[in-house]
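K.L.:
Each chain is listed here by its residues.
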Amino acid sequence: MHAASRAAIPARHLRTDRWWLAPACTAAGLLAFVVYSTWRAFANADYYHAPYVSPFYSPCLAENCHTMRGGPNWEIFGSWWGLSPALLILIFPLGFRLTCYYYRKAYYRGFWASPPACAVAEPHKKYTGETRFPLILQNIHRYFFYFAVLVALVLTYDTALAFRDEHYAWGHMGLGTLVFLANIVLIWAYTLSCHSCRHIVGGRLRHFSKHPVRYRLWGWVGKLNERHMLLAWCSLFSVGFADLYVYLLATGAFADPRFF
Amino acid sequence: MSSQMANGQRTDGPAAGGDTADARRTAVQQADGPGSAGTSGAYLAHFRVWRGDADGGGLEDFRVEVHEGEVVLDIIHRLQATQASDLAVRWNCKAGKCGSCSAEINGRPRLLCMTRMSVFGRTETITVTPMRAFPVIRDLVTDVSFNYTKAREIPSFVPPAELGPGEYRMQQEDVNRSQEFRKCIECFLCQNTCHVVRDHEENKPVFAGPRFLMRIAELDMHPLDAAPDNGLDRRRTAQDDHGLGYCNITKCCTEVCPENIKITDNALIPLKERAVDRKYDPLVWLGNKIRRRGE
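Taken in order, these protein sequences are the chains called E and G.
Take the position in the first sequence, starting the count at 1, then add 31; the result is the number in this note's numbering.
Take the position in the second sequence, starting the count at 1, then add 1458; the result is the number in this note's numbering.
Chain E extracted, bound-state conformation (with noise of 0.2 Å):
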């Protein structure tokens, strides 16, 4: 941090704020969502109990998924996929949410402090950001962004499966219903909040006067925009909550209650 010629203060900061606890939070709150998640995908078991699937592993691509009527059960891998079906999945919503605006500021901080607060030194000798590999993968967030919109199209399929009963009869609704509709209301809003969606739709164009319907759609995704990081936690927590409701369930610990 020092150069010859600038002011010699020789601390690594002067803030006298909490600037830790910003990062400190974050890291702890994205280390709870890794393990848990982990041992979720890993486990292969538990997710599914008529008619809610877990999100983790929707939707199921290999031949050793669970059966789920109705459900997406799309064996495109087969029968030589060995392992949980979660990983076949969730490489995708991971790789968006790796490769998220808001998630590389949360990490960039709290996990690598680079920086870890605005004004405090960074502990790295060298610095080359998203120049190089493996960080310059980084652009390829927009496509994880079309991968996303499609497991979120699947998702929404099952929310609307999820108002069968577990005889899988229309027209029901559980406290489940209302999990997954949460989960599924939080998710579209995180992914269409996406700095590459709000680019897509209409940030791209240099004149906007001559596009007024994608103008008024980037006027809308950009006010989703501004509350990106809060639609990244609430989602980020929907969506285990979600896995975590059905895991309750096939594990017999909780009866989901019906509504009608």
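Simulated from the structure, these hints should not be mistaken for laboratory data.
Errors might be hidden in some of the hints.
[To be verified] 25 Å max Cα-Cα, derived SDA-like pairs, lysine to any residue:
| hint | chain 1 | residue 1 | chain 2 | residue 2 |
| --- | --- | --- | --- | --- |
| 1 | E | 241 | G | 1690 |
| 2 | E | 254 | G | 1677 |
| 3 | G | 1555 | G | 1634 |
| 4 | G | 1737 | E | 177 |
Start from chain E and add chain G according to the hints.
P.N.:
Relative to chain E, chain G alone:
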């Protein structure tokens, strides 16, 4: 950025008028005492101000009078007037519009004139240092010429060939984005806080910094900029020549901007997305090829 350097014009510094200053300090202490609300609202604050130049320096302690409604720059001026007549500080408008009085207060990059004393506790020690990313000239004054060098490296607006002066017509919705960036007062707090150059002096030659990447974004979004017609691809040069890839979007530039410009969300990330269009998205590349062939 127009500015002036004030080294203190009054002669009542410690040598000439120390008794007067001491007497005034004592009077304030008797009236309110440090940390007390008091009837007059005045109190004595503990300031630590960095004094020195490129050859060395350090933090010096001061007890200084503070009145209700004052900002940090007022206190620095009082220090000049009463205790340190040779204290160097750059300032001009005292209204947060000239961008001259950038410094660091309790380690946070801020404008001295826009930081109210009321945000600090009365017993809190307030540390004022110069911007740490730039060479120091003296005391709180830094040499910000790095920024002028970077400004000159950005290719300027390219006028459209078919329009003469006075014939430019633009729709408001087409210039809204650029107008946000035009609020910049060039205080260079964003440049100072950006860890790419703050923590890594060696990156200065290859990184334009948030203020000037925002300038590229502004020009690339400009409805009449004819750079593409003249073979200048701002998206590509932002990545290749001005170090856009060094930005890891940790938003410190946005946090410190006194004009509340959303530098990261509205300029840097859109510019990164535009660079992705140009360099990393084969679908966009293919679409552009087909469209060009159809024309």
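K.L.:
Now tell me, hint by hint, if it's right for this structure.
P.N.:
Consistency of the hints with the structure:
1. E:241 x G:1690: Given that 25 Å is the threshold and the Cα spacing comes to 23 Å, the pair holds.
2. E:254 x G:1677: holds (24 Å)
3. G:1555 x G:1634: Within the cut-off at roughly 20 Å; holds.
4. G:1737 x E:177: Holds, at roughly 18 Å.
No hint from the list above goes unmet by this structure.
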